[in-house]
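Enquirer: Work the whole structure out from these sequences, hints included.
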Amino acid sequence: MIPNVLTIAGTDPSGGAGIQADLKTFSAHGTYGMAVTTALVAQTTTGVSSVLGIPASFVADQLRTLLDDVRVDAVKIGMLSDAEIIRTVAAVLSEYSAREIVLDPVMVAKSGDRLLAADAVRALREELLPHVDLITPNLPEAADLLGESESTDTAGMAPQAERLAALGVKRVLLKGGHLLGASSVDVLHTENGSETLSHERVITSNDHGTGCTLSAATAALRAQGHDWPSAVRAAKEYLTGAMRAAELLDVGRGHGPVHHFHRWWPVDGAPLP
Numbered sequence: 001m002i003p004n005v006l007t008i009a010g011t012d013p014s015g016g017a018g019i020q021a022d023l024k025t026f027s028a029h030g031t032y033g034m035a036v037t038t039a040l041v042a043q044t045t046t047g048v049s050s051v052l053g054i055p056a057s058f059v060a061d062q063l064r065t066l067l068d069d070v071r072v073d074a075v076k077i078g079m080l081s082d083a084e085i086i087r088t089v090a091a092v093l094s095e096y097s098a099r100e101i102v103l104d105p106v107m108v109a110k111s112g113d114r115l116l117a118a119d120a121v122r123a124l125r126e127e128l129l130p131h132v133d134l135i136t137p138n139l140p141e142a143a144d145l146l147g148e149s150e151s152t153d154t155a156g157m158a159p160q161a162e163r164l165a166a167l168g169v170k171r172v173l174l175k176g177g178h179l180l181g182a183s184s185v186d187v188l189h190t191e192n193g194s195e196t197l198s199h200e201r202v203i204t205s206n207d208h209g210t211g212c213t214l215s216a217a218t219a220a221l222r223a224q225g226h227d228w229p230s231a232v233r234a235a236k237e238y239l240t241g242a243m244r245a246a247e248l249l250d251v252g253r254g255h256g257p258v259h260h261f262h263r264w265w266p267v268d269g270a271p272l273p
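Residue numbering for the sequence shown follows this note's numbering, starting at 1 and increasing by one per position.
Among the clues, some could well be false.
In the EDC-like style, the derived pairs of lysine to aspartate or glutamate whose C-alpha atoms are separated by at most 20 Å in a straight line are [stated by the list, open to error]:
(1) 170 <-> 227
(2) 170 <-> 100
(3) 170 <-> 133
(4) 170 <-> 68
(5) 170 <-> 127
(6) 170 <-> 195
Simulated restraints, written as ranges between beta carbons of each label pair [what the hints assert, rightly or not]:
(7) 250 <-> 42: 20 to 26 Å
(8) 166 <-> 47: 31 to 37 Å
(9) 263 <-> 147: 37 to 43 Å
(10) 55 <-> 195: 40 to 46 Å
(11) 96 <-> 122: 32 to 38 Å
(12) 247 <-> 130: 39 to 45 Å
(13) 193 <-> 119: 31 to 37 Å
(14) 253 <-> 192: 28 to 34 Å
(15) 57 <-> 181: 44 to 50 Å
(16) 250 <-> 152: 34 to 40 Å
(17) 250 <-> 91: 40 to 46 Å
Don't read these hints as lab results, they were simulated from the structure.
It should be emphasised that the depicted structure is a prediction, and the values quoted were computed from it without experimental measurement.
Glycine is no exception: its CB is placed at the ideal position from the N, C-alpha and C atoms.
Expert: Here you go:
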């Protein structure tokens, strides 16, 4: 039976991030995608111009209406814009005993600006994390969650991932893409300890929505039956391929999207069989 995977996130009209990227990623992994919208975001490859928040009560209505009807095999959570929405999502997912939950904590913009107020970070840390099976922060987001300085080298990543797990989340994928070097190094911390995952760094300006895509792919692969470490490794392989193939796309003037369907769309433009 085809798995059903839910994204709870904001929108991206350019299709490179948010629920649009999540739904593409779910489809690319052979799962049926569904979406609950938390915010309407006016953005494209050059940045965000405005955000229209969805009332927390309507987010709850979307979730309950869906969960009353449809079996959900895995959940990916992205943009949650304020403390009330965070508490609402945590409460409803707990009420319905949702499982296989991946959280991509959208907390810090590429510019370095914080996207969540202090009370929202506290709600994320104290009320949502205990319900999450895997969190996928980058280095600035991990530092913000822990209230400490950002790791500046790979040696500091494993201890930081362990401290994140101590907040109550079951597993942590700490992404080291902000560090320099020929390789992009992440740390996966589970109940069995920490392991380092390294891939050759893809040099490209088409990196819009990489965090959304990685977390969505991990949720979809988990719904397909992969254990957590193999789901993370396969999701990283998929994202690497999507970034390498992104030059085939011509979307926008800024940071372009990755190629979510790189495994299926022919390079030479010939029609699919």
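Enquirer: Does each hint hold? Answer for all of them.
Expert: Hint by hint, here is what the structure shows:
1. 170 <-> 227: Distance of about 14 Å is within 20 Å: holds.
2. 170 <-> 100: holds (11 Å)
3. 170 <-> 133: Holds, at about 5 Å.
4. 170 <-> 68: violated (26 Å)
5. 170 <-> 127: holds (14 Å)
6. 170 <-> 195: Satisfied, since the Cα-Cα distance of roughly 15 Å is no more than 20 Å.
7. 250 <-> 42: 20 to 26 Å: holds (21 Å)
8. 166 <-> 47: 31 to 37 Å: holds (35 Å)
9. 263 <-> 147: 37 to 43 Å: holds (40 Å)
10. 55 <-> 195: 40 to 46 Å: holds (41 Å)
11. 96 <-> 122: 32 to 38 Å: Between residue 96 and residue 122, where Cβ atoms are some 24 Å apart, the hint is violated.
12. 247 <-> 130: 39 to 45 Å: This hint holds: roughly 41 Å between Cβ atoms.
13. 193 <-> 119: 31 to 37 Å: holds (33 Å)
14. 253 <-> 192: 28 to 34 Å: Roughly 45 Å apart at Cβ, these two residues miss the hinted range, so it is violated.
15. 57 <-> 181: 44 to 50 Å: holds (46 Å)
16. 250 <-> 152: 34 to 40 Å: holds (36 Å)
17. 250 <-> 91: 40 to 46 Å: holds (43 Å)
The structure does not agree with the numbered hints 4, 11, 14 stated previously, though it agrees with the rest.
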